[in-house]
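Novice: Each chain, letter by letter, is given below.
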Amino acid sequence: AQSVSQHNHHVILSEAASLELGCNYSYGGTVNLFWYVQYPGQHLQLLLKYFSGDPLVKGIKGFEAEFIKSKFSFNLRKPSVQWSDTAEYFCAVNGDAGKSTFGDGTTLTVKP
Amino acid sequence: ETGVTQTPRHLVMGMTNKKSLKCEQHLGHNAMYWYKQSAKKPLELMFVYNFKEQTENNSVPSRFSPECPNSSHLFLHLHTLQPEDSALYLCASSQSARGNTGELFFGEGSRLTVL
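Quick note, the sequences are listed as chains A and B, same order.
First residue of the first sequence? That's 1 in the working numbering, and the numbers climb one at a time after it.
First residue of the second sequence? That's 1001 in the working numbering, and the numbers climb one at a time after it.
Worth flagging that the hints you see were computed from the coordinates, not collected in a lab.
Even glycine gets a Cβ: it sits at the ideal position worked out from N, Cα and C.
Incorrect hints may appear among the rest.
[Said to hold, decoys possible] Listed next, the in silico DSS-like pairs over lysine-lysine satisfying Cα-Cα at most 30 Å (straight line):
#, chain 1, residue 1, chain 2, residue 2
1, A, LYS58, B, LYS1036
2, B, LYS1040, A, LYS61
3, B, LYS1019, B, LYS1036
4, A, LYS111, B, LYS1022
5, A, LYS69, B, LYS1040
6, B, LYS1052, A, LYS69
7, A, LYS61, B, LYS1052
8, B, LYS1052, A, LYS71
9, B, LYS1019, A, LYS69
10, B, LYS1040, A, LYS111
11, B, LYS1052, B, LYS1019
12, A, LYS49, A, LYS69
13, A, LYS49, B, LYS1019
14, B, LYS1022, A, LYS49
15, A, LYS49, B, LYS1041
16, B, LYS1040, A, LYS58
[What the hints assert, rightly or not] Derived CB-CB ranges, DEER-like:
#, chain 1, residue 1, chain 2, residue 2, range
17, A, ALA16, B, THR1016, 53 to 59 Å
18, B, THR1113, A, GLY62, 35 to 41 Å
19, B, THR1007, A, GLU20, 37 to 43 Å
20, A, SER26, B, LYS1040, 20 to 26 Å
21, B, PRO1061, A, LYS111, 39 to 45 Å
22, B, VAL1012, A, ALA16, 40 to 46 Å
23, A, GLY29, B, THR1016, 41 to 47 Å
24, A, HIS9, B, GLU1053, 34 to 40 Å
25, A, ALA16, B, HIS1079, 48 to 54 Å
26, B, THR1080, A, PHE51, 38 to 44 Å
27, B, SER1096, A, LYS111, 39 to 45 Å
28, B, HIS1079, A, GLY62, 27 to 33 Å
Using the sequences provided together with the hints, build the complete structure.
Specialist: Structure, rendered in structure tokens:
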């Protein structure tokens, strides 16, 4: 079985601060990893994904994530957050064929 | 615009009612999913359909009954629900539900309140 753990439930930052959201997964085989974002009142959408190759992946809006296989981690980073980044962020793993498992989510509040 | 459309966006029903949620995807995908999103809980996978065939039922109570008449449409029929079933029900689609499923494309959800 696969599982995902997000370490931070609620993060509050000021604009221009750096962001790192932790994500660890549990699965014995090859995985695909995702970060999804849900802005207030909007649908869940893909922020970035890792399938293979370069473990440092870049997504939309200046976000990036690094896959560290030895640590079973896929942390999300952004060097300088903006007020518009206020949203809920979900890490997800797809290892078992046919389904993605999501973490609990992290609510990010950016103060202007 | 997500390519995945859910109706209704909001639904209030009594415990003895029968209602249905509808999902339609315009992305040419072969797999469709129902997820339940409750406050302070992780997204819970309910059902997976791949090429119209159900491939996953994640121990969902029988008061939730899915239907997938074709790869573009997915329904969730609701009957004698409980107040604890109140949640946001999300439909999603992907290229396939086997092997590398790729990313999920979500609808905006149907907010269900059971009185």
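Novice: Does each hint hold? Answer for all of them.
Specialist: Verification of the hints:
A C-alpha spacing of about 29 Å is found between LYS58/A and LYS1036/B, which places the hinted pair at or below 30 Å, so the restraint holds. Taken as a hint, the LYS1040/B and LYS61/A pair is honoured in the structure, with Cα atoms around 26 Å apart against an allowance of 30 Å. A threshold of 30 Å between alpha carbons decides the hint, and for LYS1019/B with LYS1036/B the separation of about 16 Å falls inside it, so the pair holds. Restraint check: the Cα-Cα separation between LYS111/A and LYS1022/B comes to about 37 Å, which exceeds 30 Å; the hinted pair is violated.
For the proposed pair LYS69/A and LYS1040/B, the alpha carbon gap of about 28 Å is at most 30 Å, so the pair holds. For the hint linking LYS1052/B to LYS69/A, the alpha-carbon distance of about 35 Å lies beyond 30 Å, and the restraint is violated. Proposed proximity of LYS61/A and LYS1052/B is contradicted: the alpha carbons are some 35 Å apart, above 30 Å. Using a Cα cut-off of 30 Å, the hinted pair LYS1052/B and LYS71/A is violated, with the two alpha carbons roughly 38 Å apart.
Note on LYS1019/B and LYS69/A: the hinted pairing is violated, with a Cα-Cα distance of about 45 Å set against a maximum of 30 Å. Of the supplied pair hints, the one linking LYS1040/B and LYS111/A holds, its CA atoms being roughly 22 Å apart against a limit of 30 Å. Pair hint LYS1052/B plus LYS1019/B holds up; C-alpha atoms about 21 Å apart against a cutoff of 30 Å. Distance hint between LYS49/A and LYS69/A is fulfilled; the C-alpha atoms sit about 15 Å from each other, no more than 30 Å.
As the CA atoms of LYS49/A and LYS1019/B are separated by approximately 36 Å, the hinted pair breaks the 30 Å bound. Simply put, LYS1022/B and LYS49/A have alpha-carbon atoms about 28 Å apart, close enough for the 30 Å limit, and the pair holds. Restraint check: the Cα-Cα separation between LYS49/A and LYS1041/B comes to about 23 Å, which is no more than 30 Å; the hinted pair holds. In summary, the hint linking LYS1040/B to LYS58/A is supported, as the alpha carbons are separated by about 28 Å, within the 30 Å threshold.
A C-beta distance of roughly 54 Å is found between ALA16/A and THR1016/B, which places it inside the suggested range of 53 to 59 Å. The given range of 35 to 41 Å is respected by THR1113/B and GLY62/A, whose C-beta atoms sit roughly 37 Å from each other. At roughly 38 Å, the beta-carbon separation of THR1007/B and GLU20/A lies within the given 37 to 43 Å, and the hint holds. Under the hint 20 to 26 Å, the C-beta atoms of SER26/A and LYS1040/B, about 21 Å apart, fit the expected range.
Here the CB-CB span from PRO1061/B to LYS111/A is close to 42 Å, well matched to the stated 39 to 45 Å. A beta carbon spacing of about 43 Å between VAL1012/B and ALA16/A agrees with the range 40 to 46 Å that was offered as a hint. For GLY29/A and THR1016/B, the Cβ-Cβ distance of about 46 Å falls inside the hinted range of 41 to 47 Å, so the restraint holds. Range check, HIS9/A to GLU1053/B: about 37 Å between beta-carbon atoms, so the 34 to 40 Å window is met.
Here the CB-CB span from ALA16/A to HIS1079/B is close to 52 Å, well matched to the stated 48 to 54 Å. One distance hint, 38 to 44 Å for the beta-carbon pair THR1080/B and PHE51/A, holds here, with the actual separation near 42 Å. For the pair SER1096/B and LYS111/A, the beta carbons lie near 42 Å from each other, so the given range of 39 to 45 Å is met. Distance hint check: the CB atoms of HIS1079/B and GLY62/A are about 46 Å apart, inconsistent with the given range 27 to 33 Å.
Of the numbered hints listed earlier, those contradicted by the structure are 4, 6, 7, 8, 9, 13 and 28.
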